[in-house]
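A.B. asks: Protein chains in written order, with this note's numbering: chain A, 1 to 270; chain B, 1001 to 1234.
Just so you know, these hints were derived from the structure itself, not from any lab.
All residues carry an ideal CB built from backbone N, CA and C; glycine is no exception.
Treat the hints loosely; a few may be bogus.
Said to hold, decoys possible - No more than 20 Å apart at the CA atoms, straight line, and that leaves these computed lysine to aspartate or glutamate pairs for EDC-like: (1) 1079(B) with 95(A); (2) 1079(B) with 246(A); (3) 1192(B) with 1049(B); (4) 48(A) with 85(A); (5) 131(A) with 1020(B); (6) 1102(B) with 30(A); (7) 1079(B) with 238(A); (8) 1102(B) with 85(A); (9) 254(A) with 187(A); (10) 202(A) with 16(A); (11) 131(A) with 85(A); (12) 2(A) with 217(A); (13) 2(A) with 238(A); (14) 1068(B) with 1130(B); (15) 131(A) with 1106(B); (16) 67(A) with 95(A); (17) 1192(B) with 1142(B); (18) 1079(B) with 122(A); (19) 1069(B) with 1190(B); (20) 1145(B) with 1196(B); (21) 1102(B) with 1049(B); (22) 131(A) with 246(A); (23) 1079(B) with 1049(B); (24) 1069(B) with 1049(B).
Stated by the list, open to error - If the Cβ cut is set under 8 Å, some of the chain A residues that face chain B in the computed set are: (25) 122; (26) 123; (27) 130; (28) 159; (29) 201; (30) 202.
Unchecked claim - What follows is a list of derived Cβ distance ranges for each label pair: (31) 1130(B) with 77(A): 37 to 47 Å; (32) 1204(B) with 218(A): 52 to 62 Å; (33) 77(A) with 1204(B): 33 to 43 Å; (34) 1135(B) with 22(A): 33 to 43 Å; (35) 1100(B) with 154(A): 26 to 36 Å; (36) 1204(B) with 152(A): 36 to 46 Å; (37) 1147(B) with 75(A): 27 to 37 Å; (38) 115(A) with 1193(B): 35 to 45 Å.
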Amino acid sequence: MKFIDLHTHVLPGVDDGAKDYTEAVAMLREARVGGIRGLVATPHFRYKDDWLSFVASAQEVFQQLTKEAQDQGLDLALQLGFEVELDSGLLTISDFSPLTIGGRGAYLLLELPSHQVPPCFEEVVFQVMVKGVVPIIAHPERSIALCQRPPLLYRLVEQGVLLQVNSGSLLGVFGEEVQLRTWSLLEARLVHFIASDMHHAKGHRGSNLPQVQRVLEEHLPGDYCTMLLSTHPAAAMEGVQIRIPDPLPGFGEKPGWWQRFWRRFPMGRR
Amino acid sequence: MEREGISAITQMDAKSPVAEAYRLLRSNIQFASIDRELRTLLITSASPEEGKSTTLFNLGVVMAQSGKKVILLGCDLRKPTLHRLCGGHNRVGVTTVLLGQKTVDEALQETGVPNLLLLNSGPVPPNPSELLGSAGMRTLLEQLKERADIVLVDSPPVVPVADAVVLSAIVDGVLLVVSAGHTQYQVAKDAKAALDNAKANIIGAVLNNVPVTKGNYYYYYYYYSSDSGEESSR
């Protein structure tokens, strides 16, 4: 499978991800060794009035990183995007293209705070969509407040908002609660992408998509796994339409006795 | 998300009793518009899931088949469904036009049925009632009237939210869809009262989901309207 990683913090020195080019290249190499063929660098973006200058500086760093990767002979398609933190300041932006994946004006990675669904959330989603851009919500499984409102989640997906979960969440890096939520989201087919959200080359926040593929394929249909890890993120990098599966009911419902049993004895799920 | 759309029953089998019923509805609406010109018609219901959008779509098809230029206008900004019925997508629509992101002509979609165009709802806004009550909405309706003989307006149900009542004030007529054995008596009355309060011109109601059993009117209708022997002998 040609893995595509849509959410990474490889861009050096701009956020809490890679420190320098050495670490960034090490991360890219690790990813390539793991079978990743395409990767989007998505540094954290927090709105400020001169946000365009931040974007410009990130673009410079990205050019340099692309060059270093080429010099190292890494066969990896690289693009720049941003992990945009939800903020009412976004409502003042008239063109989101510079923030979208690959600057193509098609997909925007949007991050929610973990303990609150801010009042401006739906307005921001609307303003993004009305400009023809599809919002991708980064790691919804880590936004407790969002997951506590299953009807809102279903409605968002119905409206064409896409969801990206972290591979680490699936493997239990962020605790059991997050892990269970991630599986429930996947079982309800509410997830459209799995990405690493890697911050470092090694350790629990490194590149781990192949590892995730094995776990996924034990529990979910193979074509859905391929969508999550390869076809959907590839389409997002190209800026083309994504055909999503219809969500299944059941997310956020109280588990039945057999589900509780299954969760207690997950049969090789972790 | 691009959808294939479900073929309208009126398209698949133009001789079916269902298609016949829609044609009857069309002719009744034309008759109702003799005194007062009906160029914009809101199709709504008292409560959810009574068949508003299905009625709207099929009515649109039979109207288009009669040579009229028809635009289906998605004003259910809360739960857009028209693209599921007639194909197309919901990336552009009423909201994108009202916010000045697209022109009317850019946002209109073909439906696969000649003479039938779709202006879908567009991305779901946080403030649907405000948008529908805006001056821009009136302008949009005028623009659509320039491009079609009749505009069929889809909306949310009357009772839970204000949207349909807001729309009823800016259209020429309102058609209420009532589902047999589903719509509660009081809810239907409340819906009519709410529309009357807004001085809406209710031209009539469509009784939907009437059970078709052997021996009733519809059965005979089927019998007589069918011109192929094997169908009528079934």
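A.B. asks: With reference to the structure, classify each hint as holding or not holding.
C.D. replies: Evaluated hints:
At most 20 Å may separate the alpha-carbon atoms for a hinted pair to count; residue 1079(B) and residue 95(A) exceed this at roughly 26 Å. At roughly 16 Å between alpha-carbon atoms, residue 1079(B) and residue 246(A) fall within 20 Å of each other, so this suggested pair holds. For the proposed pair residue 1192(B) and residue 1049(B), the alpha carbon gap of about 17 Å is at most 20 Å, so the pair holds. Distance restraint check for residue 48(A) and residue 85(A): the Cα-Cα separation of roughly 11 Å lies within the 20 Å cut-off, and the hinted pair is therefore satisfied.
Pair hint residue 131(A) plus residue 1020(B) does not hold up; C-alpha atoms about 42 Å apart against a cutoff of 20 Å. With a C-alpha separation of about 44 Å, the suggested pairing of residue 1102(B) with residue 30(A) is violated against the 20 Å cut-off. With a CA separation close to 29 Å, the supplied pair residue 1079(B) and residue 238(A) exceeds the 20 Å bound. For the proposed pair residue 1102(B) and residue 85(A), the alpha carbon gap of about 27 Å is over 20 Å, so the pair is violated.
For a cut-off of 20 Å, the pair hint linking residue 254(A) to residue 187(A) stands: about 14 Å separates their Cα positions. In summary, the hint linking residue 202(A) to residue 16(A) is supported, as the alpha carbons are separated by about 15 Å, within the 20 Å threshold. Simply put, residue 131(A) and residue 85(A) have alpha-carbon atoms about 18 Å apart, close enough for the 20 Å limit, and the pair holds. Taking the CA atoms of residue 2(A) and residue 217(A), the gap is about 15 Å. The hint holds against a cut of 20 Å.
Of the supplied pair hints, the one linking residue 2(A) and residue 238(A) holds, its CA atoms being roughly 15 Å apart against a limit of 20 Å. The straight-line distance between the Cα atoms of residue 1068(B) and residue 1130(B) is roughly 31 Å, outside the 20 Å bound, and the hint therefore fails. Restraint check: the Cα-Cα separation between residue 131(A) and residue 1106(B) comes to about 13 Å, which is no more than 20 Å; the hinted pair holds. The straight-line distance between the Cα atoms of residue 67(A) and residue 95(A) is roughly 28 Å, outside the 20 Å bound, and the hint therefore fails.
With a CA separation close to 26 Å, the supplied pair residue 1192(B) and residue 1142(B) exceeds the 20 Å bound. The suggested pairing of residue 1079(B) with residue 122(A) holds, with an alpha-carbon distance near 14 Å, which does not exceed 20 Å. About 34 Å separates the Cα atoms of residue 1069(B) and residue 1190(B), which puts this hinted pair outside 20 Å; it is violated. With a C-alpha separation of about 24 Å, the suggested pair residue 1145(B) and residue 1196(B) falls outside the 20 Å cut-off, and the hint is violated.
Taken as a hint, the residue 1102(B) and residue 1049(B) pair is broken in the structure, with Cα atoms around 31 Å apart against an allowance of 20 Å. Using a Cα cut-off of 20 Å, the hinted pair residue 131(A) and residue 246(A) is violated, with the two alpha carbons roughly 24 Å apart. The hinted pair formed by residue 1079(B) and residue 1049(B) meets the criterion: a straight-line CA distance of about 11 Å does not exceed 20 Å. A distance of roughly 27 Å separates the Cα atoms of residue 1069(B) and residue 1049(B); the hinted pair therefore is violated under the 20 Å criterion.
Below 8 Å, beta-carbon pairs count as interface contacts, and residue 122(A) has one with chain B at about 4 Å; its hint therefore holds. Restraint check, residue 123(A) versus chain B: the minimum CB separation of about 5 Å is within 8 Å; hint holds. Given the 8 Å rule on beta carbons, the hint for residue 130(A) holds: about 5 Å separates it from the nearest Cβ of chain B. Because the smallest distance between the Cβ of residue 159(A) and any Cβ of chain B comes to about 5 Å, under 8 Å, the interface hint for this residue holds.
For residue 201(A), the interface hint is violated, the least distance from its beta-carbon to any beta-carbon of chain B being 37 Å, above 8 Å. A cut of 8 Å between beta carbons decides the hint on residue 202(A): the least distance to chain B is about 39 Å, and the hint is violated. For residue 1130(B) paired with residue 77(A), a C-beta distance near 44 Å keeps the hint of 37 to 47 Å intact. A hinted range of 52 to 62 Å holds for the C-beta pair residue 1204(B) and residue 218(A), which are about 58 Å apart.
The hint said 33 to 43 Å for the Cβ distance between residue 77(A) and residue 1204(B), and at roughly 60 Å that hint is violated. Here the CB-CB span from residue 1135(B) to residue 22(A) is close to 59 Å, at odds with the stated 33 to 43 Å. Between residue 1100(B) and residue 154(A) the beta carbons are some 30 Å apart, a value that agrees with the proposed interval 26 to 36 Å. Look at residue 1204(B) against residue 152(A): about 37 Å separates their beta carbons, and that is inside 36 to 46 Å.
Separation of residue 1147(B) from residue 75(A) is about 52 Å and departs from the stated range, judged on CB atoms against 27 to 37 Å. Distance hint check for residue 115(A) and residue 1193(B): the Cβ-Cβ separation is about 44 Å, which falls inside the suggested range of 35 to 45 Å.
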